[in-house]
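Peer 1: Residue-level listing of the chains:
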Amino acid sequence: MDITQYFTDYTLRTITLGTAVLGAICGMLGSFAVLRKQSLLGDAISHAALPGIAVAFLLTGAKDSNILLIGALVSGLIGTWWIRGIVTKTHLKTDTALGLILSLFFGFGMLLLTYIQKQPNANQAGLDKYLFGQAATLVESDVILMSTVTGISLLVMLLFWKEFKLLLFDKNYAMTLGFNTKFIDGLISFFIVLAIVIGLQTVGVVLMSAMLLAPAAAARQWTNSLSVMVILAAIFGMFSGVIGTAISASQNNLSTGPVIVLVAAVFVIISFVFSPGRGILFKQLRLLKNRRELELQKTLYFMYSIVRKHDDISRPHAIRILNNFQGFTKGTLSQLEQKDWIVIQGTNWSMTPRGFDTAANLYNSNLPEQ
Amino acid sequence: MSPSIEIQLIAAITAAACAIPGVFLVLRKMALISDAISHSILPGIVIGFMITQDLASPWLILLAAVSGIITVVLVELIQKTGLVKEDTAIGLVFPALFSVGVLLIAQNANDVHLDVDAVLLGELAFAPFDRLIVGGIDVGPKSLWTITAILSFTIILLIAFYKELKVSTFDIGLSSALGFSPVIMHYGLMSVASVTTVAAFDAVGAILVVALIITPAAAAYLLTTDLKKMLALSVLFGTSSAIGGYWFARAIDASIAGSITTVLGLLFLIIYLFAPSKGLIAVLLKQSSQRIEVSLLTFLLHLNNHDSLEERSVAHLQEHINWQRVKAKSVLDLALKNNMIVIDNKVVSLTQKGLDFTEKAIEYIITNKDEKIEDMKDDFFLFRG
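As you go down the protein sequences, you meet chains A and B in turn. Quick note: the working numbering has the first sequence finishing at residue 370, numbered continuously throughout. Quick note: the working numbering has the second sequence finishing at residue 1385, numbered continuously throughout.
There could be a bad hint or two in this list.
Okay, the calculated bits of chain B under chain A, using three or more residues with CB under 8 Å as the criterion [unchecked claim]:
| id | segment |
| --- | --- |
| 1 | 1156-1164 |
| 2 | 1255-1268 |
| 3 | 1288-1299 |
| 4 | 1347-1360 |
Pairs of lysine-lysine, BS3-like flavour, derived with a Cα cap of 27 Å [to be verified]:
| id | chain 1 | residue 1 | chain 2 | residue 2 |
| --- | --- | --- | --- | --- |
| 5 | A | K283 | B | K1327 |
| 6 | B | K1085 | A | K162 |
| 7 | B | K1228 | A | K283 |
| 8 | B | K1080 | A | K89 |
| 9 | B | K1163 | A | K93 |
| 10 | A | K171 | B | K1327 |
| 11 | B | K1360 | B | K1286 |
| 12 | A | K283 | A | K339 |
| 13 | A | K93 | B | K1278 |
| 14 | B | K1085 | A | K165 |
| 15 | A | K171 | B | K1229 |
| 16 | A | K93 | B | K1228 |
| 17 | B | K1327 | A | K182 |
| 18 | A | K37 | B | K1085 |
| 19 | A | K89 | B | K1278 |
| 20 | B | K1166 | A | K89 |
| 21 | B | K1278 | A | K182 |
| 22 | B | K1278 | B | K1346 |
| 23 | A | K93 | B | K1360 |
| 24 | A | K89 | B | K1228 |
| 25 | A | K89 | B | K1286 |
| 26 | A | K37 | B | K1163 |
| 27 | B | K1029 | A | K37 |
| 28 | A | K182 | B | K1163 |
| 29 | B | K1229 | A | K37 |
| 30 | A | K93 | B | K1327 |
| 31 | A | K182 | B | K1029 |
| 32 | B | K1229 | A | K182 |
One-sided and incomplete, this derived list gives chain A residues near chain B with beta-carbon spacing under 8 Å [unchecked claim]:
| id | residue |
| --- | --- |
| 33 | D43 |
| 34 | F132 |
| 35 | N253 |
| 36 | I270 |
Simulated from the structure, these hints should not be mistaken for laboratory data. Here a beta-carbon is modelled for each residue, glycine too, at the ideal position from N, C-alpha and C.
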């Protein structure tokens, strides 16, 4: 496969565009899901959408993907509403409610699907693409639909940006300011459900939650600002889509959905390890650096405790007498010398006035100024 | 045994084996771990199948269970870095592992025996065809033996460690103080859940096993708060739905696993709506009666505070407390019925009983002590109905 194929191959171009747009909207709205600690809501909703697809097919008998998606949207919203009902009205916890809706709706959906399969209707084939998704079935009208939905949700997000942000980080404050939190809450949930539903055809019920979560979780590691996070997540999602499609197109037997999810997972791993602020790598490096710094200070303070007993602070002492102290190495000594805290002459060291002052104030330097 | 009875037996025993760990998962707020495990055992199963070429081999179950435990460990590792919350960690791990599994299946598409549909749905209907033959004698379907072994093992563990499980579920601090390591309990439970999930996977598929684990426990939790009763009820719910689901599937000629879940769903819906004291209807009734009680209290306090006739006239009350007409009337009626007030020439005044009640209520509001409300609870009951 080479790059010119993107311009000549209609199918590849459509699929790439479709997965890119899907990745972008999922990343964008997924950021809100992750920050609202509703990461697994996406998983539950995508499973809950399945019976809607089956019912829509049973009612209309048509395989028009828009009608099926409306069915999915309705049943996804019913699922969300019921989860909320279980959590607020009974003592069952969120995880139980999510698991319940996820498995029960999905089971019912599977029942309907197998029932449909037994029906004498030639149209039925292809409904199971919603289980694992088949990006290959994307056509131009699907991409247009996705782009429209993305545009609308972008518009709504910009319009309600302040309200969304407020609700995310301080719901009670939003309430006291007189915002209709129920409405805003519902609005966010609605758009999350919408994003999930339009992604079903491409990546399928099971993997949809990862599309929503992974780009947002990756973006979260790079920034503490909501707007940057949303933009980054959209970019990560888009690239997962494009790269995933390219990899799966380059080989046989690689379904697009799982490959996209794995690419997104790679983004997550890279972000977890390499992000400068929160990443594991830099955190470890900082830890090491701090530890070394402490060791250096320990050695200096030990020297200080020796020097203090003498009138002349710059009097030379043998390096040997440091031996019973574990914190020093050749490296620390030369580092101390570099900092101009001590002077080394042969096998002797002597403290400089500067080193003396530093050591004397070592444990005061972190005190708040008085 | 006829295949029909064998299928019902397998389904019922699977449901029972799932329900027992399910109770503890629901109580420990870890229900979604079962979802994660059920998805991420897929690569374990595929690799196991490549090695053993037998879906019911104990080695495959072991391998898959190990990948379930790896999931739990991975989720905990990610969570420990503090980079994301627990639910996000779960949501990141299992789709990735599941994707690996799906790709592995697709790469080995020639192994017709293991396809993606079977992964999601399982094939209970075919389970009786895979017989276990010992010394030339057919002793029954393989999966029946596997799941029975797992169920007995689970029950033995449950009886042996019941006390420890109970303590570590409800009070982690106490359990570590008593010397039962919560970590061992946690991983023990996770291992049992993994093994059960893998075995049940054969029968009902990767996702529907979640229904068998969570739903009976959740339904039982709405009915009782006694752990033993909850265990018994959830086993009962699980097995009866399994058998009911089988007959439902036969009636409409659809997937057995799907219809078992549907029956479970209906059962949960009924219990969710009608459970005494914890069901939706009971909760809504309680909330509305509490609302009226609060209104009544507000109303009585208002009367207590105002002596002038003008403030206490019926017409004025409505605008003063800012109630709708209907609500004002129902509160007024309630107070009248309980002899808290008398209406004399359209002026409301408190009776002695109403006065006593109000004073007690004020005392409670001021001191906010529970003893004050203890005997009031009986009074409050008077207003209901």
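Peer 1: Decide, hint by hint, whether the structure agrees.
Peer 2: Checked hints:
1. Look at the segment 1156-1164 of chain B against chain A: 0 of its residues bring a Cβ nearer than 8 Å to a Cβ of that chain, fewer than three, so the hint is violated.
2. With 10 residues carrying a beta carbon less than 8 Å from a beta carbon of chain A, the segment 1255-1268 of chain B meets the three-residue requirement, and the given coverage holds.
3. With 0 residues having a beta carbon nearer than 8 Å to a beta carbon of chain A, the segment 1288-1299 of chain B misses the requirement of three or more and the stated coverage is violated.
4. For the segment 1347-1360 of chain B, the proposed coverage by chain A is not satisfied: 0 residues have a C-beta within less than 8 Å of a C-beta in that chain, short of the threshold of three.
5. A hinted pair counts as satisfied when its Cα atoms are at most 27 Å apart, and K283 (chain A) with K1327 (chain B) does not qualify at roughly 61 Å.
6. Using a Cα cut-off of 27 Å, the hinted pair K1085 (chain B) and K162 (chain A) holds, with the two alpha carbons roughly 24 Å apart.
7. Among the hinted pairs, K1228 (chain B) with K283 (chain A) is inconsistent with the structure: their alpha-carbon atoms are about 47 Å apart, more than 27 Å.
8. Restraint check for K1080 (chain B) and K89 (chain A): not satisfied, since their Cα atoms lie roughly 32 Å apart, outside the 27 Å limit.
9. With a C-alpha separation of about 24 Å, the suggested pairing of K1163 (chain B) with K93 (chain A) holds against the 27 Å cut-off.
10. Distance hint between K171 (chain A) and K1327 (chain B) is unfulfilled; the C-alpha atoms sit about 30 Å from each other, more than 27 Å.
11. Under the criterion of a C-alpha separation no larger than 27 Å, the hint pairing K1360 (chain B) with K1286 (chain B) is consistent with the structure, at around 22 Å.
12. Taken as a hint, the K283 (chain A) and K339 (chain A) pair is honoured in the structure, with Cα atoms around 25 Å apart against an allowance of 27 Å.
13. Distance check on the hinted pair: K93 (chain A) and K1278 (chain B) sit about 13 Å apart at the alpha-carbon level, within 27 Å; holds.
14. Only pairs whose Cα atoms come within 27 Å are accepted, and K1085 (chain B) paired with K165 (chain A) is accepted, the gap being roughly 19 Å.
15. This hinted pair does not check out: K171 (chain A) and K1229 (chain B) have alpha carbons roughly 39 Å apart, beyond 27 Å.
16. A hinted pair counts as satisfied when its Cα atoms are at most 27 Å apart, and K93 (chain A) with K1228 (chain B) qualifies at roughly 20 Å.
17. A hinted pair counts as satisfied when its Cα atoms are at most 27 Å apart, and K1327 (chain B) with K182 (chain A) qualifies at roughly 24 Å.
18. Our distance criterion of 27 Å between C-alpha atoms is met by K37 (chain A) and K1085 (chain B), whose separation comes to about 7 Å.
19. Note on K89 (chain A) and K1278 (chain B): the hinted pairing holds, with a Cα-Cα distance of about 8 Å set against a maximum of 27 Å.
20. Using a Cα cut-off of 27 Å, the hinted pair K1166 (chain B) and K89 (chain A) holds, with the two alpha carbons roughly 26 Å apart.
21. At roughly 24 Å between alpha-carbon atoms, K1278 (chain B) and K182 (chain A) fall within 27 Å of each other, so this suggested pair holds.
22. Of the pairs offered as hints, the one joining K1278 (chain B) and K1346 (chain B) is violated, with about 41 Å between alpha carbons and a cut-off of 27 Å exceeded.
23. This hinted pair does not check out: K93 (chain A) and K1360 (chain B) have alpha carbons roughly 36 Å apart, beyond 27 Å.
24. Proximity of K89 (chain A) to K1228 (chain B) is assessed by CA-CA distance (about 24 Å); at most 27 Å being required, the pair is judged to hold.
25. Taken as a hint, the K89 (chain A) and K1286 (chain B) pair is honoured in the structure, with Cα atoms around 11 Å apart against an allowance of 27 Å.
26. Straight-line distance between C-alpha atoms of K37 (chain A) and K1163 (chain B) comes to about 33 Å, which puts the hinted pair past the 27 Å bound.
27. With a CA separation close to 15 Å, the supplied pair K1029 (chain B) and K37 (chain A) stays within the 27 Å bound.
28. This hinted pair does not check out: K182 (chain A) and K1163 (chain B) have alpha carbons roughly 44 Å apart, beyond 27 Å.
29. With a C-alpha separation of about 33 Å, the suggested pairing of K1229 (chain B) with K37 (chain A) is violated against the 27 Å cut-off.
30. With a C-alpha separation of about 33 Å, the suggested pairing of K93 (chain A) with K1327 (chain B) is violated against the 27 Å cut-off.
31. With a CA separation close to 26 Å, the supplied pair K182 (chain A) and K1029 (chain B) stays within the 27 Å bound.
32. The straight-line distance between the Cα atoms of K1229 (chain B) and K182 (chain A) is roughly 38 Å, outside the 27 Å bound, and the hint therefore fails.
33. For the restraint placing D43 (chain A) at the interface with chain B, the shortest Cβ-Cβ distance is roughly 6 Å, inside the 8 Å limit, so the hint holds.
34. Taken as an interface hint, F132 (chain A) checks out: its beta carbon lies about 6 Å from the nearest beta carbon of chain B, inside 8 Å.
35. Residue-level restraint check for N253 (chain A) holds (minimum Cβ-Cβ distance to chain B is 5 Å; threshold 8 Å).
36. Interface restraint check for I270 (chain A): the shortest CB-CB distance to chain B comes to about 12 Å, outside 8 Å, so the restraint is violated.
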